[in-house]
Amino acid sequence: MTESNETVDVSGYSFEKAVAELEGIVARLERGDVALDESIAIYERGEALKKHCEKLLTAAENRIEKIRLDRAGKPQGVEPLDGE
Amino acid sequence: MTSLISNDSPTNLTEFSVSELSGSIKRTVETAFDHVRVRGEISGYRGQHSSGHAYFSLKDDRARIDAVIWKGTFPRIKFRPEEGMEVIATGKVTTFPGSSKYQIVIENLEPAGAGALMALLDERRRRLAAEGLFDQNRKRLLPFLPHVIGVVTSPTGAVIRDILHRISDRFPVHVIVWPVKVQGEGSGDEVAAAIRGFNAIEPGGPVRRPDVLIVARGGGSLEDLWSFNDEAVVRAAADSRIPLISAVGHETDWTLIDHAADVRAPTPTGAAEMAVPVKADLDAQLANLTARLRGCASRQMDHRRQSARALVRALPSLDQLLALPRRRFDEAAAGLGRGLERTTVVKRRSFERVSSGLRLDLLTNRLAQHRQLLADRLTRSERCLERQLLKEHNRLSKAGASLSALPPRLLGQLARERQHLVSLGRHADTAISHTLLRSRSAIVAQDRVLQSLSYKNVLKRGFAVVRGEDDKPLTRAAGIGEGLALSLEFADGRIAAITGEEGEATGPHPGSPPQPKKRSAKAEPTGDVPKQGSLF
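Residue numbers (this note's numbering), protein chains in the order written: chain A, 1 to 84; chain B, 1 to 536.
These are computed hints drawn from the structure, not numbers from a lab. Careful: at least some of the hints might be erroneous.
[Stated by the list, open to error] Label-pair distances were calculated between CB atoms; the ranges are:
1. A:ARG31 to B:ALA129: 46 to 52 angstroms
2. B:ARG138 to A:ILE40: 44 to 50 angstroms
3. B:ARG327 to A:ARG31: 27 to 33 angstroms
4. A:ILE40 to B:ARG196: 47 to 53 angstroms
5. B:LEU336 to A:ILE40: 53 to 59 angstroms
6. A:GLU16 to B:PRO172: 15 to 21 angstroms
7. A:ARG31 to B:ARG338: 27 to 33 angstroms
8. A:LEU57 to B:HIS49: 54 to 60 angstroms
[To be verified] Cross-link-like lysine-lysine pairs, in silico, BS3-like; alpha carbons within 25 angstroms at most:
9. B:LYS59 to B:LYS101
10. A:LYS17 to A:LYS51
11. B:LYS71 to B:LYS26
12. B:LYS26 to B:LYS101
13. B:LYS59 to B:LYS26
14. B:LYS279 to A:LYS17
15. B:LYS92 to B:LYS26
16. A:LYS66 to B:LYS59
17. A:LYS66 to B:LYS26
18. B:LYS472 to B:LYS456
19. B:LYS101 to B:LYS78
20. B:LYS78 to B:LYS59
21. A:LYS17 to A:LYS55
22. B:LYS71 to B:LYS101
23. A:LYS55 to B:LYS347
24. B:LYS101 to B:LYS181
25. B:LYS92 to B:LYS78
26. A:LYS17 to B:LYS139
27. B:LYS139 to B:LYS71
28. B:LYS181 to A:LYS74
29. A:LYS51 to B:LYS279
[Unchecked claim] A few chain A residues that face chain B, going by a derived Cβ cut-off under 7 angstroms, partial list only:
30. TYR13
31. LEU22
32. GLU30
33. LYS50
34. LYS51
35. CYS53
36. LEU57
37. THR58
Small disclaimer: the values here were computed from a predicted structure and weren't measured. Even glycine gets a Cβ: it sits at the ideal position worked out from N, Cα and C.
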């Protein structure tokens, strides 16, 4: 979306890390001591982080599975847990 | 042979065959010990035999009895036997007639009270702790937002339902359940295998590898939870590279897996809460941050625009900017010529002030002053010298006068002394003549007395003084020998005489005239007495 290299590796971030950085960016912007061009750059990075966090939150799937074991007790695969 | 027959047993005791005896013993034992409870320590336990039966023995400090649990009985025993555990076994005693052995066939087995189990548990906990399995520095942090959660528990029952419910309430994620038996024989091994099995899943495989594990079981007795004290379970939990939450029993129940787990949850529901955050909270946090981010951006722009405008407004015009310097310049230019004139006047004035002071009489005055001063000093010193001289002269004349007055005074003193000497001489003359006169008259008087007292006066009256050869007066006749030279003194002179004989003493003798004379002088003393009397 943007060429700023700061946004490149956001996709690998954990939710925790992304939120922490987003909080840092907001705090800096709210203090208002950031140069104009830098403030634009970190705003864009904040947007990217926000999107990443939303992705992480919506990507969580409500899937419940059960390990299927073979006769020797080794996992063979998974099947939906029918107990629900 | 007859002897053998005749030697037949004298008693009528029944004779058994070995089989009969063994069978009888078996019956007796099995009847007598049909159902017994035995307390003892498990010894020689090696788990189930391949046949499914378990052979071991029970012992106390003095005796030992073989024990067996048949394959069919084993699943009914809640509690898994362990070597060295004190148990109470219920069963019957049987014998094997074939080998003269007996054993107890166990129907039921239970630990000999909670104390025995606790002691065992404590001993095991200490041993594993000493190995470092429970060390705090082994504990890992749980991931904040796991993608996949692995749950090791029974697939049926309330526990898994509670966990799944709580997870979907908070944050629906992918849950993989590894079904295990949670009590009874083999349950510990299954739990351990499940933990290791989850760890063995490679990332990117057909089954997703969990980010966090939950090992859960509902509440129960110490025996019910016993498989979670299993050493294999504890080791598997400690070795797990996936962070592990233990949730076994109620909050008050502690099992060894709780010590080895990275986090211990008080309940299965609690484990679900620890495993995932609340999604709604995260959404709210993110929304809040997003709103602030947007607000910040627009506010920043507004703010900057505003300040830029304000700055533009505050920017002064060129005229305004130049007005002040121009005025200063004008003033300076106007003042330039005036300044020079004034400076010249001021300088001249100051020159005149200085030069007016420079005059010749200043010097001559100064010279006259000095000369006067010098003259004054000269006269003063002369006067001083004169005064000094006068003073010295006075002193000298005073000394001369006192010196010249000295001779008359000395002459006067000399005359006085001479006069004094003359008078002293006169006094001495009269004094000495007086003294001479007095002495002469005193001598005359003394002489007169002397004359009056002299024996010569007696001589004048006719008496003489007889003297011996030694010129000493002799006053006694006795002692005067014959022919002795004597001297007789008379008033008109002396004569020499020699003494005669004694008889002729009375008559005068020509040869001895002095004697009679002497006697006669003595015989006529009266003639002088009046004279002497008148003398006095």
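Give me the numbers of the hints this structure contradicts, sorted from smallest to largest.
-> 3, 7, 16, 17, 19, 23, 24, 27, 30, 34, 37
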